[in-house]
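Engineer: Chain by chain, the residues:
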Amino acid sequence: QQNVQQSPESLIVPEGARTSLNCTFSDSASQYFWWYRQHSGKAPKALMSIFSNGEKEEGRFTIHLNKASLHFSLHIRDSQPSDSALYLCAVSMSYQGGRALIFGTGTTVSVSP
Amino acid sequence: ETAVFQTPNYHVTQVGNEVSFNCKQTLGHDTMYWYKQDSKKLLKIMFSYNNKQLIVNETVPRRFSPQSSDKAHLNLRIKSVEPEDSAVYLCASSGWGGANTEVFFGKGTRLTVV
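Residue numbers (this note's numbering), protein chains in the order written: chain A, 1 to 113; chain B, 114 to 227.
Since the hints were made in silico from the structure, they are not lab data. Even glycine gets a Cβ: it sits at the ideal position worked out from N, Cα and C. Hints may be right or wrong, so weigh each one.
A few chain B residues that don't get close to chain A, going by computed Cβ distances all over 12 Å [what the hints assert, rightly or not]:
#1 Ala-116
#2 Asn-122
#3 Ser-178
The list that follows gives simulated cross-link-like pairs (lysine to aspartate or glutamate, DMTMM-like), each with its CA atoms no further than 20 Å apart [unchecked claim]:
#4 Lys-153(B) <-> Glu-57(A)
#5 Lys-153(B) <-> Glu-195(B)
#6 Lys-45(A) <-> Glu-195(B)
#7 Lys-45(A) <-> Asp-83(A)
#8 Lys-154(B) <-> Asp-198(B)
#9 Lys-42(A) <-> Glu-215(B)
#10 Lys-154(B) <-> Glu-9(A)
#11 Lys-56(A) <-> Glu-215(B)
#12 Lys-67(A) <-> Glu-15(A)
#13 Lys-192(B) <-> Glu-215(B)
#14 Lys-45(A) <-> Asp-151(B)
#15 Lys-154(B) <-> Glu-57(A)
#16 Lys-149(B) <-> Glu-197(B)
#17 Lys-45(A) <-> Asp-143(B)
#18 Lys-157(B) <-> Asp-183(B)
#19 Lys-157(B) <-> Asp-83(A)
#20 Lys-153(B) <-> Glu-215(B)
#21 Lys-45(A) <-> Asp-27(A)
#22 Lys-192(B) <-> Asp-143(B)
#23 Lys-157(B) <-> Glu-171(B)
#24 Lys-137(B) <-> Glu-197(B)
#25 Lys-42(A) <-> Asp-151(B)
#26 Lys-137(B) <-> Glu-195(B)
#27 Lys-153(B) <-> Glu-197(B)
#28 Lys-220(B) <-> Glu-171(B)
#29 Lys-220(B) <-> Asp-27(A)
#30 Lys-157(B) <-> Glu-215(B)
#31 Lys-42(A) <-> Asp-83(A)
#32 Lys-157(B) <-> Glu-9(A)
#33 Lys-67(A) <-> Glu-57(A)
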């Protein structure tokens with residue numbers, strides 16, 4: 001059974017700083033890897049995703065995947081107060097004959113002005 | 114901006130009551146889901162459903178059941194709620210595709226069982 005864990009559980013980041021969020025997964029057959037962001041009281045929304053090993057950059061966000069290490073990460077540069085949110089990593093995989101996103105435990109990010 | 118709509122936003126009920134939450138998506142997606150987000154913000158899948166099959170997470174108690182009238186609607190019914198059912202219930206949808214298909218979420222229904 002897929003087990004997805006995130007670290008750290010929470011962090012406080014000065015505005016303008018770079019921050020890194022980590023996600024580990026247990027099933028080596030996992031196929032696609034996502035980061036979602038959920039502002040307080042809002043719907044979770046996809047930030048970005050990656051399929052193959054390596055890095056992918058979109059604006060201030062970079063996702064890095066290492067399948068052999070069962071690890072992927074999200075890096076945010078030039079953090080803004082609007083980045084304060086719950087960050088959820090997720091793994092897309094076959095699930096009981098269908099497909100589902102299995103989410104990690106979440107990292108709460110607070111960006112201090 | 115949200116294209117997955119859930120009602121109500123909040124619901125407070127007593128132990129043993131039956132509740133039903135509504136979900137509608139306007140994205141034309143084929144698959145809909147219900148997730149439970151607990152007090153620690155952990156999101157766990159409960160059901161996924163398209164016009165061909167219902168997939169149930171085997172850990173979901175039998176008092177939970179999804180109800181669909183068409184592919185744009187997937188409601189959630191809970192018979193005889195219990196205190197541990199207090200949580201935010203998130204509805205979601207995705208198009209037909211592979212693992213790279215994005216899942217879109219609603220804002221959730223917060224259930225409090227007293």
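Engineer: Now, for every hint given, state plainly whether the structure supports it.
Structural biologist: Consistency of the hints with the structure:
no.	hint	in the structure
1	Ala-116	violated (10 Å)
2	Asn-122	violated (9 Å)
3	Ser-178	holds (17 Å)
4	Lys-153(B) <-> Glu-57(A)	violated (29 Å)
5	Lys-153(B) <-> Glu-195(B)	holds (18 Å)
6	Lys-45(A) <-> Glu-195(B)	violated (29 Å)
7	Lys-45(A) <-> Asp-83(A)	holds (13 Å)
8	Lys-154(B) <-> Asp-198(B)	holds (14 Å)
9	Lys-42(A) <-> Glu-215(B)	holds (17 Å)
10	Lys-154(B) <-> Glu-9(A)	holds (11 Å)
11	Lys-56(A) <-> Glu-215(B)	holds (17 Å)
12	Lys-67(A) <-> Glu-15(A)	violated (31 Å)
13	Lys-192(B) <-> Glu-215(B)	violated (31 Å)
14	Lys-45(A) <-> Asp-151(B)	holds (18 Å)
15	Lys-154(B) <-> Glu-57(A)	violated (27 Å)
16	Lys-149(B) <-> Glu-197(B)	holds (11 Å)
17	Lys-45(A) <-> Asp-143(B)	holds (19 Å)
18	Lys-157(B) <-> Asp-183(B)	violated (24 Å)
19	Lys-157(B) <-> Asp-83(A)	violated (24 Å)
20	Lys-153(B) <-> Glu-215(B)	violated (24 Å)
21	Lys-45(A) <-> Asp-27(A)	violated (24 Å)
22	Lys-192(B) <-> Asp-143(B)	violated (27 Å)
23	Lys-157(B) <-> Glu-171(B)	holds (12 Å)
24	Lys-137(B) <-> Glu-197(B)	violated (26 Å)
25	Lys-42(A) <-> Asp-151(B)	holds (15 Å)
26	Lys-137(B) <-> Glu-195(B)	violated (25 Å)
27	Lys-153(B) <-> Glu-197(B)	holds (13 Å)
28	Lys-220(B) <-> Glu-171(B)	violated (25 Å)
29	Lys-220(B) <-> Asp-27(A)	violated (29 Å)
30	Lys-157(B) <-> Glu-215(B)	holds (17 Å)
31	Lys-42(A) <-> Asp-83(A)	holds (14 Å)
32	Lys-157(B) <-> Glu-9(A)	holds (17 Å)
33	Lys-67(A) <-> Glu-57(A)	holds (18 Å)
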